[in-house]
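J.: Given next are the chains, with one letter for each unit.
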Amino acid sequence: MFSFREAWSVTLRGLCGILHSAARQRPLRTPAMPVPAPLSLSFGRAPWWLSATRRSISYKMSENGVASRRGKVLTVDTMNPRIKRVEYAVRGPIVQRAVQIEKELKEGAKKPFTEVIKANIGDAHAMGQQPITFFRQVMALCAYPELLNSSQFPEDAKNRAQTILQSCGGGSIGAYSTSQGIESVRQDVARYIEKRDNGIPSNPDNIYLSTGASDAIVTTLKLLVCGEGMSRTGVMIPIPQYPLYSAALAELGAVQVDYYLNEEQCWSLDVSELRRSLEAARKRCNPRVLCIINPGNPTGQVQSRECIEEVIKFAAEERLFLMADEVYQDNVYADGCQFHSFKKVLFEMGPQYSDTLELVCYHSTSKCYMGECGFRGGYMEVINMDAEVKAQLTKLVSVRLCPPVPGQIMMDLVVNHPQPGDPSHSTFIKEKSATLNTLAERARLTEEILNTVPGIQCNPVQGAMYSFPRITIPERAVQKAKEKGQAPDMFYCMNLLEETGICVVPGSGFGQTEGTYHFRITILPPTEKLKILLNKLKEFHLRFTQQYS
Amino acid sequence: MHRFQRLSTSFLFSGRFGRKRVQIEGTAFESRRGGQTVRFKAQGPARQCGGSKRYSTAEATVESRRNGEVRERTLTMETLNPNVKAVEYAVRGPIVIKAVELERGLQDGMKQPFAEVIKANIGDAHAMGQQPITFLRQVVALCTCPELLESPSFPEDAKQRARRILQGCGGESLGSYSASQGVDCIRKDIATYVEQRDQGVPCNWDNVYLTTGASDGIMSILKLLVSGQGPSRTGVMIPIPQYPLYSAAISELEAVQVNYYLDEDHCWALDVNELQRAFHEAKHYCNPKVLCIINPGNPTGQVQSRKCIEDVLHFAYEEKLFVMADEVYQDNIYSSSCQFHSFKKVLYEMGPEYFNNVELASFHSTSKGYTGECGFRGGYMEVINMDPEVKAQLIKLLSVRLCPPVSGQAAMDIIVNPPRPGEPSFLQFHKEKTSVLSTLAEKAKLTESILNTIPGIKCNPVQGAMYAFPRIFIPPQAVEEAKVLGMPPDMMYCLRLLEDTGICIVPGSGFGQREDTFHFRMTILPTTEKLKLLLEKLAAFHIKFLQKYTALGESSDKSPSGQAKAHLP
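Heads up: the sequence lines are chains A and B, in that order. Per my numbering, residue 1 is the first one in the first sequence, and the count goes up by one each step. Per my numbering, residue 550 is the first one in the second sequence, and the count goes up by one each step.
Looking at chain A on its own, in the form it has when it is part of the complex (with noise of 0.2 Å):
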């Protein structure tokens, strides 16, 4: 029966296809074709020969299995455009097809490997990084106050639970919080940034709680998006970039203007590389945002104190809306680089640019030490916003009510942690140095093995969680994934996922100069996992390389 069911929809999935394009065609012609109105409200809204076309072929199996005659209201022809553009390859089909062949190993099929390992995604308690007990402590007391009572849990833990839980509603973190987010919260927030930032003063009043800081930054967009053609916004953001951008973007209707890291030195930023994306830009679209994310995704560079403040000064100089991703600011592994701020650096530079520049800055509970994605917790700080733009934002996010109020609570305890002197404080800090020191260990390993391959080519990995290496892709690969109308790099880590299991995410997700191949690995496998996972890669390239040459 079901295979039966199935046969049927893709055969007339195929036939809708070929009827579909025919119909698509057509209405080419529809302006010099008078169509009668009379006659075209009887057929409904579409005009009358795809109506009709779609009415007989839209034959498909609908939910239990009784064949539909009607089209459907919402179909990919009549569906938003901006939606359809929105590409997001962190979870793209090659991670749709791990999911499936993990399903497929479940169910006892026979595969080259045993297990998939998903090194697509920066989402460390996955793969085995365990919670910092004193956030997980914490967040258990306010889940459940009873526990208040119990001897099981250290006295700070429960003093911070017992100051959330003043603070929320009703003292329930079941209450809404104001949209902005948890006073209190966002007062531990400002106090964080200004002991990061040696003293530069920080305002409460500028701080927004996030769901993630990818709300955030979709909401700033938001914010920035307006005019039509010429006068359209549009918006700078690195290549290769974390595809929310592109998808926001994409999905916002903003016009994305690619300004290109420099490979060759360590994927630094390059202000002359700005200045040509933005005067090219302005012939098409208003170039009015500037996007920086430091550490980077997926390139894992780490910005010089210098390069910042070349971005600010430009910044300054074409007044730009500058937003800066900081979602990695704890994770700088390489010697000789330190993260700096770029609130820091504005301020450094002094009130010409610190009175002016308008900033968003952006951090988040998934990243760093903790890794605790699944709160969906960050913040946002926003600088020289004008005053009534920001009542317009505030009024923007209080339509969501707030963000989830577990999340705030993470983001509250990873701004203001167990201090010297805290019961708590020397797990914590085994806990927090334990989990760095892996990583830099990881980002090291990582860097090391990768260059050992040849025709792969690997950036030292300063900070963030993956390595973006090159990959060389023999031609006759390169044909064949043309053939198969893949990019040679998807074609790459198809492949790789069906041959060891281990899923990757191609370059061309995120952008690449053209002609080049890359993929991104995370580096949170555990070390001994990471191991035979980057030698099985270092096979399979050579085996991938011999096959195609």
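Calculated directly from the structure, the hints in this document are not laboratory data. Note that the coordinates shown come from a computational prediction; the quantities given were computed from them, not determined experimentally. Among the hints, a few may not be true.
[Unchecked claim] Here are the computed lysine-lysine pairs in the BS3-like style, where the Cα-Cα straight-line distance is at most 25 Å:
no.	chain 1	residue 1	chain 2	residue 2
1	A	LYS106	B	LYS869
2	B	LYS945	A	LYS222
3	B	LYS945	A	LYS84
4	A	LYS111	A	LYS480
5	B	LYS945	A	LYS484
6	B	LYS945	A	LYS103
[What the hints assert, rightly or not] A partial selection of chain A residues facing chain B, derived with a Cβ cut-off under 8 Å:
no.	residue
7	HIS125
8	ALA126
9	GLN137
10	LEU148
11	GLN152
12	SER172
13	ILE173
14	VAL225
15	PHE314
16	GLU358
17	PRO406
18	LEU436
Don't be surprised by glycine CBs; every beta carbon is placed ideally from N, CA and C.
We have chain A already, so just place chain B on it with the hints.
T.: Frame of chain A; chain B shown alone:
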């Protein structure tokens, strides 16, 4: 260091004094004028108001500049996304901002004619003192801190639920991302729950998507549906009065809002003739293809009859509309003559022609019902008859945001998979659940009956949900005064109420209402004692308000035609 001090004061200045006020002005005044936006930028001197100087935005901005060199910002009201500007959300609008201000004032020792601000503006049960369901919180705590699985102080059934959820999480941690549609086992539990609720109507867990509260699900579906330009732009039919998430989302997405009016004279019932009228009128200027229904109604509290749902679905079938059924109050039914019928169940019962064709998305949430877990931002939607290719697009869209908060997903799981008879937690769970629901039922009745004793206020029965939406008589003199102030009359009414009594409610204009009628929305959530007090204060205020303005209006004696029957003293 000196520099920083100066800066921080200027931040403080523009923040504390500038922004809050501007927010009130910006939103309140813009909402009124619709198309032509009137804003209060620095034109002329700062106005005096209530004894404290009002700083307007531009002044505050100039303050932070040095040497008079004013650099135009990149993002200003002129260059802001116009769709964002058009968004309005009264539930957290100017009245609420004012309430927060008053609350802060009280804390700082400011004298007011009341001792506390009572927020009856939002369906936030826990904030009003409702206790969480123990079992739900136990499971969440166990998931958060799995060490507790060893603790003897937790019941076995809670541990069993927690283990199951953790097994569905990557690395068995709530801290990993889930699949974008949600944790598999939770989606399966939801499907089982929906089947049971709908007396066996099949539910495929593949059609279930976890969301960040129901709002997120509603937004996502609307996003898919918006397309076309000019007369082919997607029109979305929403009830008036509506929950303003809908109008806000429609503005943000630049869709066309198509209003259909609920029938206040028939207990806010939905009349298919009115749907017909709205639909056919809308066809002249847009492409109405979505029908949103809120059942039980927010803010109106009505519960739709099975017959009415059938009519609506028949209409949607005939006119080929995508149906969005907001059913987040499905457990909040108080009137003994009412029963919740899910749109999906009714659709199924109407036969395969309907069940296989009508595209339907229904929404549920952790925030309402008897749990009231708003802060967790949990929710789900079930989508039926969606085109498989569109479904793939939906999954792609959701994947950009990675996943809904996993703790919210866990809370959702407990709502759909609560303790069963025979399990150790069942009795306590059952007691807590019935206690919450029966108190709510009692408060629903109380609110309706007290409101109806007040002259000039008329309230339909609160059959379900968490709100009363009474109609209020506002004397013509007061309407005139509101006009002069540039705000909707019910906004002025609510503002006065807040300032006099500390009661925070939302004006009907924020939800939409028939022209020249006025309402407000209040929640029934305060504790019974507090609710009684609130209603007493409200009655006293209302009478005073009527007296004040009818006394003023005696000379120009105009009869309040088209207004609620005012039994004036």
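J.: A separate judgement is required for each hint: does it hold in the structure or not?
T.: Checked hints:
Restraint check: the Cα-Cα separation between A:LYS106 and B:LYS869 comes to about 42 Å, which exceeds 25 Å; the hinted pair is violated. Restraint check: the Cα-Cα separation between B:LYS945 and A:LYS222 comes to about 19 Å, which is no more than 25 Å; the hinted pair holds. Restraint check: the Cα-Cα separation between B:LYS945 and A:LYS84 comes to about 9 Å, which is no more than 25 Å; the hinted pair holds. Restraint check for A:LYS111 and A:LYS480: the C-alpha separation of about 23 Å stays at or below 25 Å, so the hint holds.
Only pairs whose Cα atoms come within 25 Å are accepted, and B:LYS945 paired with A:LYS484 is accepted, the gap being roughly 22 Å. A distance of roughly 20 Å separates the Cα atoms of B:LYS945 and A:LYS103; the hinted pair therefore holds under the 25 Å criterion. The criterion of a C-beta within 8 Å of any C-beta in chain B is met by A:HIS125, whose closest approach is roughly 4 Å, and the hint holds. With 8 Å as the threshold, the beta carbon of A:ALA126 comes within range of chain B, its nearest partner Cβ sitting at about 3 Å, so the hint holds.
The closest approach between the C-beta of A:GLN137 and any C-beta of chain B is roughly 6 Å, which is under the 8 Å cut-off, so the hint is satisfied. At its closest, the beta carbon of A:LEU148 sits 11 Å from a beta carbon of chain B; the interface hint therefore is violated under the 8 Å criterion. Taking 8 Å as the C-beta contact cut-off toward chain B, the hint placing A:GLN152 at the interface holds, the least distance being around 7 Å. The restraint placing A:SER172 at the interface with chain B holds, with a minimum CB-CB distance near 4 Å, inside the 8 Å limit.
Among the interface hints, the one on A:ILE173 holds; its C-beta lies about 5 Å from the nearest C-beta in chain B, closer than the 8 Å criterion. Interface restraint check: A:VAL225 against chain B, minimum CB-CB distance 5 Å, threshold 8 Å, status holds. The interface hint given for A:PHE314 is violated, since its Cβ lies 13 Å from the closest Cβ of chain B, which is over the 8 Å cut-off. Taken as an interface hint, A:GLU358 checks out: its beta carbon lies about 5 Å from the nearest beta carbon of chain B, inside 8 Å.
About 4 Å separates the beta-carbon of A:PRO406 from the nearest beta-carbon of chain B, less than 8 Å, and the hint is met. Hint on A:LEU436 is violated. Least Cβ distance to chain B is approximately 16 Å, over the 8 Å limit.
Comparing the model with each numbered hint stated earlier shows that hints 1, 10, 15 and 18 do not hold.
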